[in-house]
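> Could you build the full structure based on these sequences and the hints that come with them?
Residue numbers (the working numbering), protein chains in the order written: chain R, 1 to 322; chain S, 1 to 394.
Honestly, the hints are just simulated from the structure, not real lab data.
Where a beta carbon is used, it is the ideal one built from N, C-alpha and C, also for glycine.
Some hints here could point you the wrong way.
[Said to hold, decoys possible] As a list, the in silico DSSO-like pairs of lysine-lysine whose alpha-carbon atoms are at most 30 angstroms apart:
| # | chain 1 | residue 1 | chain 2 | residue 2 |
| --- | --- | --- | --- | --- |
| 1 | S | LYS257 | S | LYS352 |
| 2 | S | LYS116 | R | LYS319 |
| 3 | S | LYS116 | S | LYS131 |
| 4 | R | LYS219 | S | LYS228 |
| 5 | S | LYS131 | S | LYS257 |
| 6 | R | LYS175 | S | LYS131 |
| 7 | S | LYS257 | R | LYS175 |
| 8 | R | LYS175 | R | LYS219 |
| 9 | R | LYS175 | R | LYS31 |
| 10 | R | LYS31 | R | LYS219 |
| 11 | R | LYS319 | R | LYS31 |
[Stated by the list, open to error] Among the chain S residues that face chain R by a calculated CB cut under 8 angstroms, a handful are:
| # | residue |
| --- | --- |
| 12 | ARG80 |
| 13 | PRO278 |
| 14 | MET296 |
| 15 | ARG334 |
| 16 | GLU338 |
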Amino acid sequence: MKTSTALHIVSGKGGTGKTSVAGALAMSLAKAGSKVLLCEVEGRQGFAQLFETEPLPYEERLMARSEDGGEVYVLAIDPEAALLEYLQMYYRLGRVGRLLDKFGIIDFATTIAPGVRDVLLTGKVYEAARRRVGGARSDFVYDAVVVDAPPTGRIGRFLGVNDDVAGLAKVGPIKSQSESIMTMMRAPQTSVHLVTILEEMPVQETLDGIRELEGDGIKVGSVIVNMVRPPLLSAETMAAMESGDLDEAAVSAVLDSVSLPAGAASGLLEGGRAHIERQELQNEQHNVLESSGARLLTLPRIAGGVDVAALGELAPFLKELA
Amino acid sequence: MSEQNAGVKRVKAKTTRRPSSAPEPVRLDIDGVLADRDTSILVCCGSGGVGKTTTAAALALRAAEQGRTVCVLTIDPARRLAQALGLVELDNTPRAVRGFDASAGGSLDAMMLDMKSTFDEVIEAHASPEKAAEILSNPFYVALSSSFAGTQEYMAMEKLGQLHAHGAWDLIVVDTPPSRSALDFLDAPERLSALLDGRFIKLLLAPTKGPARLLTTGFGLVTSTLNKVLGSQVLTDMQTFVAAFDTLFGGFRERAKQTFSVLQDEQTAFFVIATAEPAALREASYFVERLAADDMPLAGVVINRVHDSRLIPITVPQAESAAARLSTGTTLERGVGELLEVHAERLTVADKENRLRERFSAAHRDVPVAAIPALAGDVHDIEGLREIGESLAH
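Set out below in C-alpha cells:
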C-alpha cells in the first residue's frame, strides 16, 4: 500500500495555531488508516505540550493509534543529532564525527553556519519520507509525514534553503543531496499548507507566503483557516437590530418574560453589535483569501485553546487532505 | 536578596500593593512608568501573534502625548498599522508620525527595522572600503545577513544601541522580532558572538602555525572531511569570510555587550506581552523568569485581547436555557435568544481566560499585570492606538 509517502508541510504566522493544526492533520490521516510521522523542527517541544507528555527525545515515538489501524508517531528533530546521524549514515564517520564535535564544528554548523540548520532539518524529513521497510523496491515505512514547519515569514527560506546551499556548494555530495531535497519539495506528493486566522495581518502574510513559495516553484496545497467563529445572529435578528425593532425596550421586555434581569438589555445589544462587527471583519478577510484562488479549509474556534481531545474534534475538518 | 526579587525590585517601589493579601494581581501602573524620566528604553517582548507591535506603538503614542520625546522601533508592523504611523517604506530612518496630540510638548518618531541594511551599515562603518566590499559580496555574509535565524534579533539590538547613542530621544520603545521563542531576543547576540570565539573559527584562521600544530593533525582530518562533504570551495569562502570579519567582530561583541548592559540598567523597562491563552502565558512565564535571572528590570505583563463578562448578571446556564426557550418564539424573542447565545459564548471564553490569568498571577505574585480588552476590529489608526493606551492605563 505504501508506494509513496505524502509529505505535508504546515506553516502559518505565529499565533495562528499551526502546531495544533499539524497535530489535527496527523490525527485525521491516521483516522483514514495511515501510518503518520509528525515532525517538529523548531526545538519548542510543541507536541510534547500538545499531547501532554514529557519532552520528546530525538526518536520516533508512537503517540496515538486509530481504530482503523492508523498510527501517529512523533519526532522532535534536533539538528545536532541529525548531523551526526547523517555523517554516520553517509560517510561512516564514527571517529571524525567525535572530532567534529571536539572542534566545535557541530555547534558551528547547527547554530551559526548559514542555512545548515535548515538543511539538516529538511534533510531528516527527506530521509523519513523516503525510508523503506526493506530493499529498494519495498514499501515505504510511512504513508505520510507531517511537518510543523517554521512560521510563514521564514517558510520560503526554510524550504528553499537547499537551493541556497546547492548554490553555495558548487560540487560534492552536499550539493546533490540538497538538489534531491529540493526535487522532493516540488514533487506532486508534497503539499504546503498555510494556517491563518481571519485577521488582517495573518491573511496578508498568507498571501505573501503563497506568492513567495510559488516564485520558488513550490505549490501551496491549501490555506487552512483556523479559529473561525460561527455566526450566532441570524439575518433576521441583525435586520431587527438595524431597524430599531429590537431595541433596548424590546430586549428588556423579552428578558423580563423569561425572568432574567431586564437591566442586561443594553449590555446584550452592545455584545451583539460587537459580534456583528467581528463577523463582518471575518467575512472581509475570508473574501480576500477566496479571491486569491487558494483552496480554503475552515476549522472552528475551540473555546479555551486546543488540547488532545480537541484534536479529535478538529480532525474531521481536514479529512479532505487525507 | 534573591535574584528573583532583584529583577522586580524597581517595579515594587512604583506600584501600590493592595493592603489585603487576596490573590488579586498587582496593577501595572503604565502612566507611572511612562512619566518616569529616568526610564529611557521600553522593550516589548513576547511570543508571536500576541500584539507586540500594536502595544509598542500604543505605549509610544501615549508617552509622546504625555510630553516625552519618543522614537518607536517596529520590526514587522501590519500594513495598515504601518500606514497609520506614516511608515510607507522600509528605509531604516526614524520619521515623524503625524496626527498625534503634541500639546504636552512631546514628539513621536517611528521607524521600521531593515535588518540587512542595518548589518551592511555596520560593516561599512567599521571596515575599509575594499574590505567592506569583499565582505558584502561574500556568499556567507549574504546568507548570514539575510537568513541567519537570530540576525534580526541581533540587528534590533544594534539599532537600539544606535538610537540610544544618538541622543535625540528621551524614550525609545522597541518592538522585538517575531521569534519562535520570546527568549531569542536576549540570546541572539550571545549566539552571534559565540561564532567568533569558537575554536573552529580560530582554527580556520590559523590552521598551520606554531603551537597549534598538534591540534592541526586532527584538524587536517576535519578539513578534509569538510572538503569531502561540502566541496572545497565552500571551505575557502568560509575562510575568506571569517578572515575578513575577524577584525570587525571585536567591535561587534563590544557593542552587543554594551547594549546588553543597557538592558540591565535601571533606565530600561521590559513589558512582557501575552494573550490569555496557555501557550502565550507559558512563554510569558519563561520570559519573566529569564529577566529575573539576568537581572533585567521587568515593568510588568500586558495581557492582550482579554474578554470581559461586561458585568451582565446572567450566567452561562441561565443564558443557554433561556435561549433554548426563546428559540421557538416570535422574531424578537428569537433575536433575544441569539443575543443570549452571544453573551454565553463570550462569558465561556472570559471564564477560561480568567482561570488562566489567575494561575499566572499566582505563579508570579510580584509581577504587575495590565489587561487590554479584546476589540472587535483591527487597530489601524492613531485613534485606535490611543484607545489601547487608555485601556492599558485604566
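> Next step is simple, just say for each hint if it's right about the structure.
Here is how each hint holds up against the structure:
1. At most 30 angstroms may separate the alpha-carbon atoms for a hinted pair to count; LYS257 (chain S) and LYS352 (chain S) exceed this at roughly 42 angstroms.
2. With a CA separation close to 42 angstroms, the supplied pair LYS116 (chain S) and LYS319 (chain R) exceeds the 30 angstroms bound.
3. Among the hinted pairs, LYS116 (chain S) with LYS131 (chain S) is consistent with the structure: their alpha-carbon atoms are about 18 angstroms apart, no more than 30 angstroms.
4. Between LYS219 (chain R) and LYS228 (chain S) the alpha-carbon distance is near 33 angstroms, which puts this suggested pair outside the 30 angstroms criterion.
5. Note on LYS131 (chain S) and LYS257 (chain S): the hinted pairing holds, with a Cα-Cα distance of about 24 angstroms set against a maximum of 30 angstroms.
6. Distance restraint check for LYS175 (chain R) and LYS131 (chain S): the Cα-Cα separation of roughly 29 angstroms lies within the 30 angstroms cut-off, and the hinted pair is therefore satisfied.
7. The suggested pairing of LYS257 (chain S) with LYS175 (chain R) is violated, with an alpha-carbon distance near 38 angstroms, which exceeds 30 angstroms.
8. Distance restraint check for LYS175 (chain R) and LYS219 (chain R): the Cα-Cα separation of roughly 23 angstroms lies within the 30 angstroms cut-off, and the hinted pair is therefore satisfied.
9. In summary, the hint linking LYS175 (chain R) to LYS31 (chain R) is not supported, as the alpha carbons are separated by about 38 angstroms, beyond the 30 angstroms threshold.
10. Only pairs whose Cα atoms come within 30 angstroms are accepted, and LYS31 (chain R) paired with LYS219 (chain R) is accepted, the gap being roughly 26 angstroms.
11. A distance of roughly 9 angstroms separates the Cα atoms of LYS319 (chain R) and LYS31 (chain R); the hinted pair therefore holds under the 30 angstroms criterion.
12. Given hint, ARG80 (chain S) at the interface with chain R, holds; its Cβ is 6 angstroms from that chain's nearest Cβ, closer than 8 angstroms.
13. With 8 angstroms as the threshold, the beta carbon of PRO278 (chain S) comes within range of chain R, its nearest partner Cβ sitting at about 5 angstroms, so the hint holds.
14. For MET296 (chain S), the shortest C-beta to C-beta distance to chain R is roughly 22 angstroms, which exceeds 8 angstroms, and the interface hint is violated.
15. A hinted interface residue such as ARG334 (chain S) counts as satisfied when its beta carbon comes closer than 8 angstroms to some beta carbon of chain R; here the least separation is about 7 angstroms, so the hint holds.
16. The closest approach between the C-beta of GLU338 (chain S) and any C-beta of chain R is roughly 5 angstroms, which is under the 8 angstroms cut-off, so the hint is satisfied.
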